[in-house]
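Undergrad: Turn these sequences into a full structure, and let the hints guide you.
Per this note's numbering, the sequence shown starts with residue 46, numbered consecutively.
Note that these hints are calculated values from the structure, not bench results. Values in this document were obtained by computation on a predicted structure and should not be read as measured data.
Taking lysine-lysine and the DSSO-like style, the derived pairs with C-alpha atoms no more than 30 Å apart in a straight line are:
1) Lys378 - Lys342
2) Lys82 - Lys159
3) Lys264 - Lys353
4) Lys378 - Lys82
5) Lys82 - Lys387
6) Lys340 - Lys283
7) Lys353 - Lys340
8) Lys321 - Lys340
9) Lys342 - Lys353
10) Lys82 - Lys179
11) Lys342 - Lys283
12) Lys342 - Lys321
13) Lys321 - Lys353
14) Lys283 - Lys353
15) Lys321 - Lys264
Using C-beta positions, here's what the derived DEER-type ranges look like:
16) Pro383 - Ser351: 44 to 52 Å
17) Ile255 - Ser386: 43 to 51 Å
18) Gly384 - Thr272: 37 to 45 Å
19) Ile311 - Ala343: 21 to 29 Å
20) Lys321 - Val94: 46 to 54 Å
21) Arg406 - Ala147: 31 to 39 Å
Just so you know, even glycine gets a beta-carbon here, dropped at the ideal spot from N, CA and C.
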Amino acid sequence: MGVLDGIRVLDYGRFIAAPWCTALLADMGADVLRIEKREGGEDRWVQAVTETGEGGTFLQCNRNKRSLTLDSTTAEGAEITRRLVERSDIVVANMPAAGMRASGLDYESLRAIKPDIILASATAYGEGGPYSGKIGFDGAGQVMSGAVYRQGLPDQPIRTVVPYADFGTALTLTIGVMMALFHRDRTGEGQHVEGALLPTALMLSNAFLIERDLLGVDKPRMGNRGTSVAPCDLYRTKDDGWVLLQTAGQPMFTRWCRLVGREDLIDDPRFADDDKRWEQSDLLNEIMAQWCSDKTKAEILGLLESAKLPAAPMHSTQDVLEDPHIAAMGYLKRMAFPGTSKDVPIIETPFRMSATPGEIRRRAPLLGEHTDEVLAEIGYDSAEIAALRDRSIV
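TA: Written out as structure tokens, the structure reads:
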């Protein structure tokens, strides 16, 4: 039994921030209904991996959900929406406030239908400022947070390919939804929960901003090297692999010196603390690169582990799929999906609970797969459903 059994969620989210939030709620037992246009939401068809065109991110972010197709711009569609809202606990969407109002999904409109409703909205920049009407994807949060200014190569800032602002916003939005549910259980009062890409990215880059504001400095972009410690980098191995080492603090540095045969550096004043070692990162990283050059990846990892130094191999995507720890932990669950050549590896709930664990119970839905089922639940009989289909309402 999931901790959110009995909670009903209407998911108007697209792409990642809102859909991943609702996926986590669904993993924990909530009944999540994805509302889509009759032709399908645009995020369904990005980077297709199935014969029918669904993309990998869609398969990840929409497991455990049901799908209803609906033309909500019609009077009949508006009535279906009203019935759905009055039977739901949470509405989740990601669009600017003007779009929410135009769709009847703003908090005041929803509260008029169900006074204790919880609305969770994800936007690019948050509501109330000069950018509030703008749309934006994950990259907007990254580049406007100062993070990309600080990462990459000396002559080329580089945006992170993994959409961390999107997934981070999904996590903060989920926390907000759970707090809103807790508040409603105590008081009976619903509320509007807002998450946004920019403040999520600012949360992650905040230390850079503090450093700039108090010290007036921006450390240079250094590729994969550490921003405050050394040696810290990705190092090429004899067998053309790569190993990450991150050395922080004097005890680790001392163990590293002994491992690479440079005990003379332990008491050298040039390397007295992390800041000084970072200033000498070219020298320290070159020593480590030379040490790795005649050793295999397995040899290096074994020696670093014996020295109690934090290190990890750089995995290819195929390495990840074959990693024994990932397999033993069950982090990726293989699920069948129509039109794929094999079962699809879907990330399990990324946290574990001993009494009420999350669970992937079903694959992502086909377009409109549950339309008739959902309409019957809100009071439409088979003749009415057929009529709605004839008029292209669903």
